[in-house]
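Listed in order, the protein sequences are those of chains A and B.
The working numbering numbers the first residue of the first sequence as 1 and each following residue consecutively.
The working numbering numbers the first residue of the second sequence as 1 and each following residue consecutively.
Please keep in mind that the hints were generated in silico from the structure rather than gathered at the bench.
Quick list of the computed label-pair ranges, beta carbon to beta carbon:
#, chain 1, residue 1, chain 2, residue 2, range
1, B, P4, A, T296, 14 to 20 Å
2, A, K218, B, R257, 27 to 33 Å
3, A, F321, B, N22, 28 to 34 Å
4, A, V314, B, P4, 26 to 32 Å
5, B, P4, A, A352, 41 to 47 Å
6, A, F321, B, S266, 51 to 57 Å
7, A, R363, B, L37, 34 to 40 Å
8, B, T236, A, Q116, 51 to 57 Å
Source: prediction; values computed, not measured.
By construction, the Cβ of each residue, glycine as well, lies at the ideal position given by its N, Cα and C atoms.
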Amino acid sequence: MGSSLSHPVYSRDATVYVISGTEKFETFHRAVEQSGFINHVLDRWRATGKPQAEFRIAIKPNIMTASKHEENSPVYTDPALVEDLIRLLRAEGFSRFTVVETQNVYNYSYTGRTVQAVAEMCGYSGDGYDIVDLNDDTVPLDYGGMLGVHPAGRAWLEADYRISFAKNKTHWQCFYTASLKCVYGCLPMWDKMKVYHGRGRGGRNIEFFHATALINEKMPAHFGFMDAWISGDGLTGHVRDPYPNETHTIFASENCFALDWVAGEKMQIDPGQNYVLQEAMHRWGTIHITRVGNMTPWYPWDNVRPIVVIGFNVIEEFYWFGRFMSRAAATESDPRFPQVGRYQGFFKVMQAIVRLLEGLLTRATDPKKTRRLPV
Amino acid sequence: MIVPMRRFDLNVTETFLADLGNGVAVLLMILGVGVALKPSWFEAHDFWGGLLTCATFGSGLLLGLGSGGIRQNRAVLDMSLRIMALAALGWLALGIWRGAWLSIVAGVLIGMFAAACWILRREGTRSRFIPRYFTMRQFETMIQIADAMLDADDLKLSPIDVAIRTDHLLAEVDSPVKDDIKQVMFLIEWLTPFLVLRPYPFSDLGTHERRRIIRKVIWSRGLFRDVSRTLKLLSTFTYYTAPDVRTDLGYVDFDDRERTQGIDQSLHAYPVPSVPAEPEEVP
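Sequences are here, hints too, so could you generate the full structure?
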């Protein structure tokens, strides 16, 4: 809800590259090349005046929403793509890389979920780069707005170049998540439902989209990629999707705001209805986006119905109910992260109900509308 | 699919409320007609029954109109929700009094829909703004004040932005005047409309009527003179101090002025103007 319409990154007109292909790494390399990513990093490095060996690059992929290892996961960013990105940057002479994440509300349901353990489960080797839990080393930062002075992960804050590498998936709180919401995962507190959602004690009154905008405003990603090679749709697309969508696309842009907007268009959703992008527009104004690539919406693709998004917006005002729903949707996990012991039987029943309701609470994209322009 | 960006477009809650309101409006009108045709089913065959039937049908009409423009017809929407709440209570009371279960069901359903619409209306506004100092109502009043006070065709800042800046400013400053400002907001919202014989809240009136009120307030004496000063302070100060507006007016910030370039602007440290304390004698 700010009025600073001149953000150095997000208020600038931008181009979003939507690159599709048949071979994952070849498509990713085309996205890197066409978007001018390498030159963007080099320009930034030269501007800092630092030796290349001291230039720190932080990458924020989606990791902690992973509950089990999948070869082609629709839920978390493909580690092979992240490591390929690091390899490309290393070939340019950079050597200091950090893959950052923080723990999340999965801790309600499972135990032992450290960032390093989940990253290892996903397939991150940690070879030549660090995997950092941002909550392990924080410094106080004035985020402004409703967050005020709050801890910030040092590795993300002090990075010379930040990359958001999101996963393309639906979300029941804001229709879908992309690169801006991926950066929200850099907020250090694991109990995000408690700290960054709804009303709380001491007059705190914040919504997750405010927190998302505030961290992006203070510590913006300099470049955004989105792994849409395999995508997650449906009611619980952000945590699991039994029928992953082979969308075979990579998004790239130097403006994550623009990237997220185009991600919504590809889902046949009005991106302005996404709370995160609504807040982004309020803060950073509207921009002109040039789209390069195939803008035909995904099909088949199931979006979350508006009533679900609105329902969760109301529900999250009540922390315990939000926590309950979070646990009700956490249906499966890798054996190395056992479930918390209490009320397992009850939650198994709840999880079965959520599975049954999924079909009712989603809406498929319409192939007949794929070429229709807005009025 | 290419979607244009609109900064203050309807959000998902408001869009949903518009559709829900339209659907409920149709149901209310059908119910109103149904009761008029079969009053005996609802034990509504006398004056009170007729009144409730009219209220039900009327609230449906108003809700239909209000949901047709969630923001533009906000006053109509609010009025329809109030009438719905009253109609719900009325049907419940009538049903309990006369033992008519259909009236009770109608009362419960109307009440539930009114509550749902009210929650959505509140959440729709809340997901757009969470004021730091004003209440939601005062914030909406502030938007309407800014809209009426900034009387120009080529505003560089929208009334919403002005309200946001005012809210943030008041949240940051520490002054006893802040309490007075809240009182002024109350006066403006509920009393000043009577100056133009409009017994409705200030923020529910149209721009033209609000400007009439402001003109009246400016030319009034006594208490209202202070109100007009506060109105000016609230809207024009935050408007003209906005960076975009200042730049547009040709104002150049001190640090950017040509004559300040290259000169030493570092702080000068003056000696502390106090007498050194006498060293204490150690016994």
